[in-house]
Amino acid sequence: MGKFVQAQRKGKGSVFKSHVRTRKGAVKLRSLDYAERNGYIRGLVKEIMHDPGRGAPIARVQFLNAYRYKRDSELIVATEGMYTGQFIYCGKKAALSVGNVLPLNQVPEGTIVCNIETQAGDRGKFARGSGCFAVVVTKDDEKNTIRLRLPSGGKKTVSGSCRAQIGIVAGGGRTDKPLLKAGRAYHKYAVKRNSWPKIRGVAKNPVEHPFGGGNHQHIGKPSTVSREAPSGRKVGLIAARRTGRLRGVKKVGQDKD
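For the sequence shown, the numbering used here begins at 774 and goes up steadily by one.
Don't take each hint at face value.
In silico lysine-lysine, BS3-like type, Cα no more than 25 Å apart, as pairs [to be verified]: (1) K929 with K971; (2) K929 with K785; (3) K785 with K819; (4) K898 with K928; (5) K865 with K801; (6) K928 with K954; (7) K898 with K929; (8) K797 with K819; (9) K954 with K929; (10) K801 with K843; (11) K819 with K866.
Label-pair distances were calculated between CB atoms; the ranges are [unchecked claim]: (12) R810 with G926: 30 to 36 Å; (13) P881 with K954: 41 to 47 Å; (14) I821 with N978: 47 to 53 Å; (15) G987 with R957: 29 to 35 Å; (16) I992 with S791: 39 to 45 Å.
Because the hints were derived from the structure by calculation, they are not lab data.
Because the structure is a prediction, the values reported are computed rather than measured.
For every residue, glycine included, the Cβ atom is placed at its ideal position computed from N, Cα and C.
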């Protein structure tokens, strides 16, 4: 086989670890407590700040502690329209307005939400990138389930007790402007992780990649590869159901569910 290919080396860490020294902290919803389950709790947006390596801005929100004389600070995803000095409300009885955190069973169909939990109490897992949002498609009150349309266009069913923020994540349209030069790409990925520049497999030597070598830059074998392939060979289109250009119109809006 030759050398370990780069995809294998990434699993070990070393120089491929994420660059977290300057980051502000974990961005999560409040821990689910009695106040959120039964009523609401008010928080104050103290500041909106940039988090290195993240496209979306984050907000530092201060809540009064329910049990001790102190204030708790939480880092949450900033939604479009959020400002410093704004009051946001978290809980079952919170109002349906931008920035508030509500359980999905309290949200009407067609609402735009972000920073959504997969399981109740996991503090937010998807639709968290800049400009991302999900749409509440249908609600099943008998089963207490909610059907969502995710930013990818896929559908997902979650429990009605999962919480979500109302609105769109701030920082949208970030990818509309082209990077234009290598220096900008360098600084973009310097604060994220070692994933740039990417060298194509066909440009490498045979020891470094299964697609390397040859007198012309060509793959020389099928680019699709089995799910059970050994790790040094598992490059290209892994367990592809189909390949090639997607043709025709993607029917997302007209779906029955």
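Restraint check for K797 with K819, where alpha carbons must lie at most 25 Å apart: Holds. K797 to K819 sits at ~14 Å (cutoff 25 Å).
Satisfaction of hint between K785 and K929, Cα-Cα up to 25 Å: Status violated; Cα separation ~32 Å.
Straight-line alpha-carbon gap K928 to K954, limit 25 Å: Violated, because 37 Å separates the two Cα atoms, which is more than 25 Å.
Hint check for K954 and P881 - Cβ pair distance inside 41 to 47 Å: 46 Å, holds
Assessment of proposed distance window 47 to 53 Å (beta carbons of I821, N978): 48 Å, holds
Pair hint outcome, K898 versus K929 [Cα-Cα no greater than 25 Å]: Cα-Cα ~13 Å, so holds.
Hinted pair K819 and K866, Cα distance within 25 Å: Given pair K819, K866 holds - Cα atoms ~23 Å apart, limit 25 Å.
Satisfaction of the hinted span 30 to 36 Å by the C-beta atoms belonging to R810 and G926: 32 Å, holds
Range agreement (Cβ of R957 with Cβ of G987, hint 29 to 35 Å): At roughly 33 Å between Cβ atoms, R957 and G987 fall inside 29 to 35 Å, so the hint holds.
Restraint check for K954 with K929, where alpha carbons must lie at most 25 Å apart: 38 Å, violated
Hint consistency between K785 and K819 [alpha-carbon to alpha-carbon, up to 25 Å]: 39 Å, violated
Agreement of K801 and K843 with the hint, judged by alpha carbon distance not exceeding 25 Å: 20 Å, holds
In summary, the structure is inconsistent with hints 1, 2, 3, 6, 9 and 16 from the numbered list given earlier, while agreeing with the others.
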